[in-house]
Amino acid sequence: MREYCKEIADMLVDYADGQLSAEESTRVTAHLAECDDCRTLLNGLHKSLELAQVIWEDNLSQAETIRIPAPARTSRRSWPRYAAAAAILIASGISITSLIMNKPAKNQTTFAEIERKITEAGNAARLLAAADRLSEYPDAQPVAKRQYRYILDRYPDTSAAAEAKLRIQ
Amino acid sequence: MNETRAAFPDLTGGQRSSKLGLLEIFLGQQPRLRRIAAGMGLSASDVEDVLQDVSIRALKGPVNSQSKEQSARWLIRVTLNRCLTEHRRRRSFKRHTGEILKRRSQKAAAAEPAEKAIQAEELEIMRRNLQKLDDSLLPPLVLRYFCDLNSKEIAEILDLPASTVRSRLRDARMILAKDLLKRGVEPQ
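Respectively, the protein sequence lines represent chains A and B. Just so you know, we're using the numbering used here here: the first sequence kicks off at -5 and counts up by one. Just so you know, we're using the numbering used here here: the second sequence kicks off at 181 and counts up by one.
Just so you know, the hints here were simulated from the structure itself, not pulled from any lab data. The beta carbon of each residue, even a glycine, is placed where N, CA and C say it ideally should be. Please note: incorrect hints may appear among the correct ones.
[As the list claims (entries may be wrong)] No farther apart than 30 Å at their CA atoms in a straight line, the calculated lysine-lysine pairs in the DSBU-like style are these:
#	chain 1	residue 1	chain 2	residue 2
1	A	Lys41	B	Lys332
2	A	Lys41	B	Lys358
3	A	Lys0	B	Lys312
[Said to hold, decoys possible] Chain A residues, not near chain B, derived (Cβ > 12 Å throughout):
#	residue
4	Glu(-3)
5	Ala3
6	Ser19
7	Arg21
8	Ala27
9	Glu28
10	His40
11	Ser42
12	Trp50
13	Ile108
14	Ile112
15	Arg120
16	Lys139
17	Asp151
18	Glu157
19	Gln163
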């Protein structure tokens, strides 16, 4: 790439975004008219942003299908809830690890699987703690119940899901 | 005084209003926070988890003497940091390109098969490039081009000079464009 092209390339993103002064913009336009490389690079900038936006929009359309988390309210005495969640998490971890360790060799579970199960148990316990805090308020109880159902649906094999099931009943 | 009230002695007077104020700001910002988390490449379920976390953080957040704008920026920063943890673990942009194209074809008239194949390849390259984009480059990119924030607003959120934000935006765009061209994708 020629030295002048490098100088223009430094301005291309701002040019594409319409952030250059009129004078700079004119200079870049004039160069683009005669330089294939810089024109290709500009088109690459447009194309890459277009593709990124397709990916972002798709991700967002999926994310918009999730329900809105309700605002929980805080408590100075929330530590018992966290203690309960921690107890569930530890118990889940021990039972999962124990289960895995005692499995026959031919059914050996991978470390990735162990990590996934522990992560799920942790997520479920955390969500359970949040739902418990919500349920302390009469007006938030329907939301808390939805949270319990969500835990039950998404993390069915966790101790927190068993707790959530009890809370729903 | 009932048990619940006794458990929340701080939820009266000024502190109550500030805490509830932060929650209101969280609710108001929620569409934007969701957009950010989606732009950072998280799956729908991970977006949900992130928003749950942020709602809880909003309860404990530094609300004293913060303006509404400062609180909103703080919520965005918390969301971004949480998303970056997932990005570092390479749990972002994991959605299969085929799924994206399938949904797009359901929305619009189906493209020609040949064109579809090219799109799939292009999208796959871009998906991988976004996934491996540096931690310092992805947040400004998402905030600028997916959330329509300007460099000054991004600088305030990320606590960086505006010139650094602009420089990172240029770097990110160039990396993505050049990699696309290097792999032979026709930009026209």
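Consistency of the hints with the structure:
Using a Cα cut-off of 30 Å, the hinted pair Lys41 of chain A and Lys332 of chain B holds, with the two alpha carbons roughly 25 Å apart. Proximity of Lys41 of chain A to Lys358 of chain B is assessed by CA-CA distance (about 11 Å); at most 30 Å being required, the pair is judged to hold. With a CA separation close to 25 Å, the supplied pair Lys0 of chain A and Lys312 of chain B stays within the 30 Å bound. At roughly 17 Å from the closest C-beta of chain B, the C-beta of Glu(-3) of chain A stays outside 12 Å, upholding its exclusion from the interface.
At roughly 8 Å from the closest C-beta of chain B, the C-beta of Ala3 of chain A falls inside 12 Å, breaking its exclusion from the interface. Once the 12 Å rule is applied to beta carbons, Ser19 of chain A is consistent with being away from chain B; the minimum gap is 16 Å. No Cβ of chain B approaches the Cβ of Arg21 of chain A within 12 Å, the least distance being about 17 Å, so the stated non-interface status holds. Separation of Ala27 of chain A from chain B is adequate, the least Cβ-Cβ distance of about 17 Å exceeding the 12 Å criterion.
The beta carbon of Glu28 of chain A is kept farther than 12 Å from every beta carbon of chain B, the shortest such distance being approximately 18 Å. Not every beta carbon of chain B lies more than 12 Å from that of His40 of chain A, the smallest distance being close to 7 Å; the non-interface claim is violated. Non-interface status of Ser42 of chain A relative to chain B is broken: a Cβ of that chain comes within 12 Å, the nearest being about 4 Å off. Annotated as non-interface, Trp50 of chain A brings its C-beta within 12 Å of a C-beta of chain B; the closest such distance is 5 Å.
In this structure Ile108 of chain A is separated from chain B by more than 12 Å, as the shortest Cβ-Cβ distance comes to about 16 Å. Non-interface status of Ile112 of chain A relative to chain B is upheld: no Cβ of that chain comes within 12 Å, the nearest being about 14 Å off. Listed as outside the interface, Arg120 of chain A is inconsistent with that label: its C-beta sits roughly 8 Å from the nearest C-beta of chain B, within the 12 Å cut-off. With a cut of 12 Å on Cβ distances, Lys139 of chain A stays outside the contact zone with chain B, its closest approach being about 16 Å.
No beta-carbon of chain B comes within 12 Å of the beta-carbon of Asp151 of chain A; the shortest separation is about 16 Å. Every CB of chain B lies more than 12 Å from the CB of Glu157 of chain A, the least distance being 17 Å, so the non-interface label holds. Every CB of chain B is more than 12 Å from the CB of Gln163 of chain A (nearest about 22 Å), matching its label as outside the interface.
When each numbered hint is compared with the structure, violations occur for hints 5, 10, 11, 12 and 15.
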